[in-house]
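Quick mapping for you: the protein sequence lines, in order, are chains A and B.
Per the numbering used here: the first sequence ends with 382, consecutive numbering throughout.
Per the numbering used here: the second sequence ends with 382, consecutive numbering throughout.
Hints are computed from structural coordinates only; laboratory data are not their basis.
Don't take every hint at face value.
Where chains are identical, the list cannot tell them apart; a pair therefore holds if satisfied intra-copy or between any two copies.
What the hints assert, rightly or not - As a list, the in silico SDA-like pairs of lysine to any residue whose alpha-carbon atoms are at most 25 angstroms apart: (1) Lys-41 with Asp-332; (2) Lys-377 with Ala-13; (3) Lys-377 with Arg-179; (4) Lys-116 with Met-148; (5) Lys-41 with Pro-285; (6) Lys-377 with Ile-7; (7) Lys-41 with Asp-282; (8) Lys-157 with Asn-3; (9) Lys-116 with Val-295; (10) Lys-117 with Arg-358; (11) Lys-90 with Glu-365; (12) Lys-377 with Cys-330; (13) Lys-133 with Gly-11; (14) Lys-41 with Gly-182; (15) Lys-117 with Leu-14; (16) Lys-41 with Ser-129.
Number of protein chains: 2
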Amino acid sequence: MYNAEVIQCEGFALLPAFYNGHTHAAMSLLRGYADDMELDKWLREYIWPFEAKLGDKDIEVGSRLAVLEMIKSGTVFFADMYWHREQTMKVVEEMGVRASIGVTIAEQLTSPENMKKNMEFLKAHVGESDRVKLCVMPHSMYTNGEGMLRRCVEIAKAENYRIHTHLSETLSEVEQCQRQFGCTPVELFERVGAIDERFSAAHCVHFTEDDRKRFADAGATAVMCPCSNLKLSSGMPQVTPMIRDGVNLALGTDGASSNNSLDMHQEMKLATLLAKVNGSADSLPAEAALKMATVNVARAFGLANVGEIREGFVADGLLVDLNNERMTPCHDLVSNWVYAADNSSIDSVICNGNFVMRGRHVDGEEDIKEAARACAKRLANA
Amino acid sequence: MYNAEVIQCEGFALLPAFYNGHTHAAMSLLRGYADDMELDKWLREYIWPFEAKLGDKDIEVGSRLAVLEMIKSGTVFFADMYWHREQTMKVVEEMGVRASIGVTIAEQLTSPENMKKNMEFLKAHVGESDRVKLCVMPHSMYTNGEGMLRRCVEIAKAENYRIHTHLSETLSEVEQCQRQFGCTPVELFERVGAIDERFSAAHCVHFTEDDRKRFADAGATAVMCPCSNLKLSSGMPQVTPMIRDGVNLALGTDGASSNNSLDMHQEMKLATLLAKVNGSADSLPAEAALKMATVNVARAFGLANVGEIREGFVADGLLVDLNNERMTPCHDLVSNWVYAADNSSIDSVICNGNFVMRGRHVDGEEDIKEAARACAKRLANA
């Protein structure tokens, strides 16, 4: 016997909740702050100066807005690479979702003091819980030397953490790696011992065929962020070749400053559309696309018994309104969900057996948005 | 003095409503009926046999569902190419939106009796009103001979109609045209006198540079349907080359059987993402993308004084909730609307000065969905 609530679900479908394989939650404060410009100018003139002003409290406010947006669009887990991680961990605990929280390692951007703090944090497993796990996240090969990447791998293996990084996002990153290390970014991470089934990387836009095979052989995960890759003109995501070569392919939104939403449904539809136009109309059918936004992410971050609606699995799920106009008529539920629906059909969201949204209501929603508006305004004018 | 209602809009932005440049409304009944297969099999084994069963009443039911979905996602005008047009015209009148309704000409699919009826219909301007206009819609070059295309142009010019067609959607269409007529589909339509500023064509995926220049010089409109073009693997929409060569570029959803929604917001975001990945990060900025989904469509179909929020213009608009989480924070309204929002932020929809949705409520919504479910079920089992 369980201490369980029996709920009336007539007229709803119970579908797996989304897992977001790559984001920077607190960057929701920078949504729409700068668009429609090339990456270098975008980073140097807008994003980095804004980020330099972010304090602990701002990260909390931005993370809260991001988690709210994710819950409202059916996402109950996210892998987060950012700074002031304690704030984001607190928000995740309080709002009832799950996360893999990065201890972000960027040798070239971090003071020795903070680097020391990061390593101590990892050794102590600070703040971990059932729903919140730490993850070693070297930012990228262009912000860390080879020695630091090796240290990341050592501590991850010693402390049983997974590793996540930015990888082969732009052509210039790949070219820099070839100049500096004489190999592709994938080969560099392999050289330092990072690439196995506990390794996942965001973007993976500019993989060679050999890179794909190394990932597939190792059981590593490529987390595509199709919307961000297109918007920043980083390159066309290789959906079809990745699947053909057997890579575990997962999806993420990237941050709200380059997307500009945190909507996994949109990533899922976009991934299958790109697979088809760069393959054929039968590439990446609806059900396979749904897996990329759910179980494939869970596999990447070592979440057990979640990501599917199945007896004995943990209850992470969405109640989807079958009476929504975009779910009507219903010749095929999965097709309607993947190709036709939008988030307006998500009535309720369940994470770890508890409602985090019910009848489209999230506790504290108005305060979260009000705080985010005030915070973003202050920072923009600071 | 006007007999006007003064409404309280604090907390809302008034944004232009969407205009859908190409759809087949009643195909909403086939949403999700067949996906993930190549075009020929999809058409011959699924779509055409289902369509053969559609009667007058079914077209009315399917059109009503489509208009409901369009209203809920902020669209107040659509260009419709389908059969049993009287039913769709009636629905448009009753539901308060606008449409350019095609008299669809497909010589190879239509009985001589129906062809005669079509021509009489056009001469009599049957059923036209302020919000509903007829349009001559030869289905394509592969369903009409050159003589019939000429007749379409003659009657359009004589009766002051616009012309709309499917054009260069697939590579096989272009190859067939080269074999049969020794020219591209654009050159064929030019040869019969169709291409001027009153001509618009859906898809335009496989244009040559010369085709684009002919369109630009003539002031004709290309109506891209990016989601459908990707999903059917027809080809990559040429957003950047079309803009560079000065073509009036507009957007449409195509039918719900190949999209599988009728969501102009999605087409708008997809168009700007494809422009960027196939161009650069500053290609098709947010405001230009918004125009492709609004005024550029209005221009194509000859709708005057609509498509922008401007004094003296007809009131077609959306009340967008600035308190929606995806509109928060608001560094830039247009960026948030184009890149971050989804339809959940649309509170109310105004067409021709009247509310067609208010507080997300559309009159008769439940009956429309119930009728569509029953109709689709009967047809699928028939």
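Going down the list of hints, with the structure as the test:
no. : hint                 : verdict
1   : Lys-41 with Asp-332  : between (45 angstroms within a copy, 18 angstroms between copies)
2   : Lys-377 with Ala-13  : between (40 angstroms within a copy, 18 angstroms between copies)
3   : Lys-377 with Arg-179 : neither (42 angstroms within a copy, 62 angstroms between copies)
4   : Lys-116 with Met-148 : within (12 angstroms within a copy, 78 angstroms between copies)
5   : Lys-41 with Pro-285  : between (38 angstroms within a copy, 16 angstroms between copies)
6   : Lys-377 with Ile-7   : neither (42 angstroms within a copy, 28 angstroms between copies)
7   : Lys-41 with Asp-282  : between (39 angstroms within a copy, 11 angstroms between copies)
8   : Lys-157 with Asn-3   : neither (38 angstroms within a copy, 74 angstroms between copies)
9   : Lys-116 with Val-295 : neither (35 angstroms within a copy, 57 angstroms between copies)
10  : Lys-117 with Arg-358 : neither (39 angstroms within a copy, 54 angstroms between copies)
11  : Lys-90 with Glu-365  : within (17 angstroms within a copy, 42 angstroms between copies)
12  : Lys-377 with Cys-330 : between (44 angstroms within a copy, 9 angstroms between copies)
13  : Lys-133 with Gly-11  : neither (35 angstroms within a copy, 39 angstroms between copies)
14  : Lys-41 with Gly-182  : neither (28 angstroms within a copy, 48 angstroms between copies)
15  : Lys-117 with Leu-14  : neither (43 angstroms within a copy, 49 angstroms between copies)
16  : Lys-41 with Ser-129  : neither (39 angstroms within a copy, 51 angstroms between copies)
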